[in-house]
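Chains as they are written, first to last, in our numbering: chain A, 1 to 285; chain P, 1 to 285; chain C, 1 to 285; chain D, 1 to 285.
Hints listed in this document are in silico derivations from the structure and should not be mistaken for laboratory results. Hints should not be assumed to be uniformly reliable.
Identical copies look the same in the list; a pair holds intra-copy or inter-copy alike.
Heads up, simulated SDA-like pairs for lysine to any residue below, C-alpha to C-alpha not over 20 Å straight-line [stated by the list, open to error]:
id, residue 1, residue 2
1, K280, H138
2, K13, D73
3, K95, M58
4, K95, D111
5, K280, V142
6, K149, C10
7, K149, G278
8, K95, H133
9, K95, W132
10, K280, D245
11, K13, F23
12, K13, N35
13, K280, R72
14, K95, F67
15, K95, P186
16, K13, R48
17, K13, D57
18, K280, T9
19, K149, V14
20, K149, C139
21, K95, A203
22, K280, R242
23, K280, R158
24, K13, G202
25, K13, S55
Here is what each chain is made of, one letter per residue.
There are 4 protein chains.
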Amino acid sequence: MRSYRLVGTCPDKVGIVARIAGFIAEQGGSIIGANQYEDTETRMFYMRYEVDAGSLDMDAEDFRAAFAPVARDLDMDWRLTESRRPQRVVLMVSKLDHCLADLLHLWRSGDIDFDPVCVISNHEDLRPLVEWHGVPYHCVQVPPDGEGKQAAFEETSRLIREAAPDTIVLARYMQILPPWLCAEYPNRIINIHHSFLPSFVGARPYHQAFQRGVKLTGATCHYVTEELDAGPIIEQDVIRIRHHDTVEDLVRLGKEVEKTVLARGLRYHLEDRVLVQGNKTVVFS
Amino acid sequence: MRSYRLVGTCPDKVGIVARIAGFIAEQGGSIIGANQYEDTETRMFYMRYEVDAGSLDMDAEDFRAAFAPVARDLDMDWRLTESRRPQRVVLMVSKLDHCLADLLHLWRSGDIDFDPVCVISNHEDLRPLVEWHGVPYHCVQVPPDGEGKQAAFEETSRLIREAAPDTIVLARYMQILPPWLCAEYPNRIINIHHSFLPSFVGARPYHQAFQRGVKLTGATCHYVTEELDAGPIIEQDVIRIRHHDTVEDLVRLGKEVEKTVLARGLRYHLEDRVLVQGNKTVVFS
Amino acid sequence: MRSYRLVGTCPDKVGIVARIAGFIAEQGGSIIGANQYEDTETRMFYMRYEVDAGSLDMDAEDFRAAFAPVARDLDMDWRLTESRRPQRVVLMVSKLDHCLADLLHLWRSGDIDFDPVCVISNHEDLRPLVEWHGVPYHCVQVPPDGEGKQAAFEETSRLIREAAPDTIVLARYMQILPPWLCAEYPNRIINIHHSFLPSFVGARPYHQAFQRGVKLTGATCHYVTEELDAGPIIEQDVIRIRHHDTVEDLVRLGKEVEKTVLARGLRYHLEDRVLVQGNKTVVFS
Amino acid sequence: MRSYRLVGTCPDKVGIVARIAGFIAEQGGSIIGANQYEDTETRMFYMRYEVDAGSLDMDAEDFRAAFAPVARDLDMDWRLTESRRPQRVVLMVSKLDHCLADLLHLWRSGDIDFDPVCVISNHEDLRPLVEWHGVPYHCVQVPPDGEGKQAAFEETSRLIREAAPDTIVLARYMQILPPWLCAEYPNRIINIHHSFLPSFVGARPYHQAFQRGVKLTGATCHYVTEELDAGPIIEQDVIRIRHHDTVEDLVRLGKEVEKTVLARGLRYHLEDRVLVQGNKTVVFS
């Protein structure tokens, strides 16, 4: 079913749902999914309405034009997206391909809906896999430091700009993006971190987890902000580990969680189910 | 926060949410929680609205009177409940007290809100525990069969009627209620079954699970209907078991899941989050 | 680390562990993993010893010859395998490729160790994927019934025999193998069933689960026996579903569990961690 | 079944299992459970053998005397305990009783085996509950600071000493024990911390979790050391939370995990399944 998704945030007050639902009903719109959340602490209102596109006499542009005055009245930060226009996604990866391979498989089998514009990597290793899927592959090697590194990220940035993505996914891209690059795509860069944040921020989280002797290891899907591993969390999960598990076992077990958590978080994001609320997220799952 | 919960089901059509939310807004009602579900297969609409009672000028009776014409228009099956009027609950139990003790503890600590009118058991064993909590205890022994059994259930039925419960909880009451008694309280009797239904219906499910060699054992909280262990499922969960676990271990591990699942399912029910849909449930958790 | 795995079952009695461990110590063997299980009900003993191959002066053949008299004394059913000789595995599949793609990816990335001799399918669909991985692909179409069907399974059987597999994996092969074919590979054919057995045996388990309104859906990895979906269970897991999930959602969510459960179960099997005990399994995980 | 548990750690070398199992066999001992773990990194060996006491001609004292020379040879740190001599346990608690009530219930119903010598609290609140269970209750109020605080902990220490416990359980005892008191009972004080450590160390972990916007909240059962919330972890688990959950919801959901994790961790400890390995634990579950 083709649908429109009306997603927005505004200060809470009496009558918002009536106003929104009233507007949709006036257009003859059939609601096929509705979520609201009233944050009683911040007095903010979050919503996601999914409307059967076939029940409306207008296209998305007209819908937007008609809704704009309502949104203005409500002081609402909003967007309207179309389910049939899959998001353009740039995937970034280093050498470990478990997340990338899983996303490409889910995409190809139709289990997750997006348009993989290209893959950018700092290594050549995964070119055959990606090109077999018919997806363009760009390799930009990132030198350890200095001018070369700056140049590499400028080239990366240029490639991203050309791809004009809605969303960028760091599917185990083992480089830290420079702040200026993060700042260009706020709440549009999604990272998978291989620990249960805020535990084990930074490098080698499985080694950290092994050292601490935790009994579960996890993964965290979050939006990238300028502060490392500190952005709004979209999704997390864990898996049980045992005393006889080595760091290598943790890595292996963790991969299972990483790919699941990233796929789940990305799906929420692509279906416009995630609204950022300060450094947290509202997820209408 | 004192609230009203408006819960209902009606045939789906354009404009229902607008109508409901519009009505609430007209009364000045501040919505603090809203859930809808549109079943595209059966074309039915399910909803739960929670409204800040302090934002309304009317009491529950007036609210009901005002809403009745709206509901009539929508052909809606509905109810309005008050968060501050906890449901009257009759708890039934045999000898195993893990579920009962957990519910009484949750009630006493304020973690789950209901009014435990009385406990009815077919044994005397749990009287001290129940009476320590200040809850009346009735023992009605149920003979294995025949007239005595019928009489016992009539006495049980009389005690229940006197207690005038909103909800009856079978917290490991090891007797099968007669159909006529089930029929008196449709969707108001909640049972905890000690397996992951529909696996292992009937007697001794842990023995059945042990024989089959499953790797997880579970528990199911469901509404009681005339057909044994076949009513609408409210909540389920499982716990991992290992080859070295004996039937006794399964019983012990299962208790942990049973009490959790029953408490969770009962909470959903008491907070009016469960709507029955044929032999299934909509749970606005 | 190269290792030998000594796996066996015998009637329980005093001194077995001493005998086994004594034998290993006499050869200078360094134990790197040891599991035992004494079933107090059947009075049977199950064991798995993993020995550092580098610590022994003998090769596997000599080890077997030396151990044979000990095993005879203990009336033990046993085998010795070498970690560095990965099992030969035939993968069978129909059209749904989530399990197959996951296994091939895990194999290629070294996360699970086996030798994928070939893939046999009753459709051509997955040939490109499989051949990209460099694995031979055989397509044997299976007519609905009658002589053609018999002939197809004879051809399938011939292909399997030629492949000389240690293990056959039905990675969503949507045909029921004939009993005579099952009987040729006892405890060596592994199936993934897309429900939490014994719930929803047979066809279309996700539809059955949807109809029953369960709150979790699952997957079961088990050895194939002549009775459909009734063989010894190796591994199971579940995932939570919600009232708004359609059958299609169940299928999608279920795929995530299916591939995880099959990969986990297959790993246990390939690492000689699974011992069949009647219609159950001992899993030294 | 009455059993002895032989638990120990020593440097790894060839022949340890043969030596231990050989010793047990010489006494005619029937092994009903055996776990070993060889840490390849530290080259240490950990073991737990459970022997049917009825199969031996000797009592525990004789067993210990006979085993001592073997242990000396192996340079083993060991102990032998008797399943029929439940550990003496002192329970400490403040006002929140969910963990305490659960443990007392499990104890009374025979689901966990220990001898609750007494409860020590810094408040009077839980006296009725504890005394109803027939367990002595001591209240030692702990002033915020200074000499009074020191005196309170000396009195607490005196009460503990009198109780002569094997194990002390901090079942939500909201005071930090002074280092000198921790040092008296190494690896014998068990705490339940209401977060998934190492996330949210210290005070008000649920508030910290709420602020960070995590999607799972957890609990950690660990041995108390002089460094706050940094001791060896015995057991952990998590529960899913949603954006609409308030801090109060987190507290409520967390209680469910806390009591489960503490009961599970304590059971492992009481059954001598936990061996401390530096700042980590080996858990033979």
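Evaluated hints:
1. Taking the closest pair of Cα atoms, K280 and H138 never come within 20 Å of each other, the shortest separation being 33 Å inside a single copy and 44 Å across copies.
2. For the homomeric pair K13 and D73, the shortest alpha-carbon distance inside one copy (12 Å) is at most 20 Å, but the shortest distance between copies (27 Å) is not.
3. Neither within a single protomer nor between protomers do K95 and M58 lie at most 20 Å apart by alpha-carbon distance, with minima of 46 Å and 39 Å respectively.
4. In the homo-oligomer, the alpha carbons of K95 and D111 lie at most 20 Å apart only across protomers (15 Å), although the nearest pairing inside one protomer, at 24 Å, exceeds that limit.
5. For a Cα distance limit of 20 Å, the shortest separation of K280 from V142 qualifies neither inside one copy, at 31 Å, nor across copies, at 38 Å.
6. Taking the shortest alpha-carbon separations for K149 and C10, neither the intra-copy value of 41 Å nor the inter-copy value of 50 Å comes in at or below 20 Å.
7. In this assembly of identical chains, K149 and G278 lie within 20 Å of each other by CA distance neither inside one copy nor across copies; the values are 31 Å within and 41 Å between.
8. Taking the shortest Cα distances, K95 and H133 sit within 20 Å of each other both inside one copy (17 Å) and across copies (18 Å).
9. Within a single copy, K95 and W132 get their C-alpha atoms as close as 17 Å, and across copies as close as 19 Å, so both meet the 20 Å cut-off.
10. When the C-alpha separation of K280 and D245 is checked against a cutoff of 20 Å, the pair qualifies only between copies, where the shortest distance is 12 Å, while the shortest distance within a copy is 33 Å.
11. Proximity of K13 and F23 under a CA criterion of 20 Å is satisfied in both settings, with 17 Å inside one chain copy and 15 Å between copies.
12. Taking the shortest Cα distances, K13 and N35 sit within 20 Å of each other both inside one copy (16 Å) and across copies (18 Å).
13. Proximity of K280 to R72 under the C-alpha cut-off of 20 Å is found in neither arrangement, the shortest distances being 25 Å within a copy and 41 Å between copies.
14. Taking the closest pair of Cα atoms, K95 and F67 never come within 20 Å of each other, the shortest separation being 45 Å inside a single copy and 44 Å across copies.
15. In this assembly of identical chains, K95 and P186 lie within 20 Å of each other by CA distance neither inside one copy nor across copies; the values are 26 Å within and 40 Å between.
16. Both within a single protomer and between protomers do K13 and R48 lie at most 20 Å apart by alpha-carbon distance, with minima of 17 Å and 19 Å respectively.
17. Within a single copy, K13 and D57 get their C-alpha atoms only as close as 30 Å, which misses the 20 Å cut-off; across copies the closest is 16 Å, which meets it.
18. Taking the closest pair of Cα atoms, K280 and T9 come within 20 Å of each other only inside a single copy of the chain (14 Å); across copies the shortest separation is 33 Å, beyond that limit.
19. For a Cα distance limit of 20 Å, the shortest separation of K149 from V14 qualifies neither inside one copy, at 52 Å, nor across copies, at 52 Å.
20. Taking the closest pair of Cα atoms, K149 and C139 come within 20 Å of each other only inside a single copy of the chain (14 Å); across copies the shortest separation is 50 Å, beyond that limit.
21. Only within a single protomer do K95 and A203 lie at most 20 Å apart by alpha-carbon distance; the minimum there is 16 Å, versus 40 Å between protomers.
22. For a Cα distance limit of 20 Å, the shortest separation of K280 from R242 across copies, 11 Å, qualifies, whereas the shortest one inside one copy, 31 Å, does not.
23. With identical chains, the CA atoms of K280 and R158 are never at most 20 Å apart, being 30 Å at best within one copy and 47 Å at best between copies.
24. Neither within a single protomer nor between protomers do K13 and G202 lie at most 20 Å apart by alpha-carbon distance, with minima of 41 Å and 37 Å respectively.
25. Taking CA atoms no more than 20 Å apart as the test, K13 paired with S55 passes between copies only; the shortest distance there is 11 Å, against 29 Å inside one copy.
Figure legend: structure checked against the earlier numbered hints; hints not met, in rising order: 1, 3, 5, 6, 7, 13, 14, 15, 19, 23, 24.
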